[in-house]
Amino acid sequence: NAGVMQNPRHLVRRRGQEARLRCSPMKGHSHVYWYRQLPEEGLKFMVYLQKENIIDESGMPKERFSAEFPKEGPSILRIQQVVRGDSAAYFCASSPNRDSSKTQYFGPGTRLLVL
Amino acid sequence: DQQVKQNSPSLSVQEGRISILNCDYTNSMFDYFLWYKKYPAEGPTFLISISSIKDKNEDGRFTVFLNKSAKHLSLHIVPSQPGDSAVYFCAANREAGRDDKIIFGKGTRLHILP
Chain L
1 NAGVMQNPRH
11 LVRRRGQEAR
21 LRCSPMKGHS
31 HVYWYRQLPE
41 EGLKFMVYLQ
51 KENIIDESGM
61 PKERFSAEFP
71 KEGPSILRIQ
81 QVVRGDSAAY
91 FCASSPNRDS
101 SKTQYFGPGT
111 RLLVL
Chain B
1 DQQVKQNSPS
11 LSVQEGRISI
21 LNCDYTNSMF
31 DYFLWYKKYP
41 AEGPTFLISI
51 SSIKDKNEDG
61 RFTVFLNKSA
71 KHLSLHIVPS
81 QPGDSAVYFC
91 AANREAGRDD
101 KIIFGKGTRL
111 HILP
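Protein chains in written order, with this note's numbering: chain L, 1 to 115; chain B, 1 to 114.
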């Protein structure tokens, strides 16, 4: 019973390159959330997706960041033209189909370092 | 504006004693509260939650208390064990209606002393 999977666990990019972070939710979960954690900070919500739909992207920067959750395959968080300030830990969480549980289960995170 | 506040960045507790982690919130729309535990280089792990219709929820050594009038909640761990040393995040969202994002506090680092 695999949990939330994220890869890569660590990613190093130079300024201006693209970063692609992948997240596979727990089996049976169709809701995916992306959060970012800066050093010494809590997790900040970025975007909430269901299969093929973006439900809430209020926490995502308007430029350079995009997210998708296709019908088949993992959810992707894409950061174009990365800058040093994008260095952070990016966590994906998933939750079951709409039911009484609002608990989100987190993956191990991807640590992005921009040089 | 910090909607979920954990005012103690760190806390040290003797092994075997009670650990009490505190959390305050400002948004009266929040009606579901969660505690997550996080070890270095890992993702947050769900610990315990409480709905606003309750004032207490207990699960083994972990108990969460909610005081809605004060917009305050606390996590009690008793007895504290060495493996409890971690960062604890208080979080909140709205249970009713559509799914919604979780708002996290900045965390409290708990050290359990031998």
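Just so you know, the hints here were simulated from the structure itself, not pulled from any lab data.
Small disclaimer: the values here were computed from a predicted structure and weren't measured.
Warning: the hint list may mix true and false statements.
As a list, the in silico DSSO-like pairs of lysine-lysine whose alpha-carbon atoms are at most 30 Å apart [unchecked claim]:
| hint | chain 1 | residue 1 | chain 2 | residue 2 |
| --- | --- | --- | --- | --- |
| 1 | B | K71 | B | K56 |
| 2 | B | K38 | L | K44 |
| 3 | B | K54 | B | K71 |
| 4 | L | K51 | B | K71 |
| 5 | L | K51 | B | K38 |
| 6 | B | K71 | L | K44 |
| 7 | L | K44 | B | K5 |
| 8 | B | K71 | L | K27 |
Short, incomplete list of chain B residues facing chain L, as computed with Cβ under 8 Å [as the list claims (entries may be wrong)]:
| hint | residue |
| --- | --- |
| 9 | P40 |
| 10 | E42 |
| 11 | G43 |
| 12 | F46 |
| 13 | S49 |
| 14 | I53 |
| 15 | K54 |
| 16 | F89 |
| 17 | K101 |
| 18 | I102 |
| 19 | F104 |
| 20 | G105 |
| 21 | G107 |
Beta carbons are placed, not taken as given, at the ideal position from N, Cα and C, and that holds for glycine.
**Request:** Sort out which numbered hints this structure fails and list those numbers smallest first.
**Result:** Those not satisfied are hints 4, 8, 9, 14 and 15.
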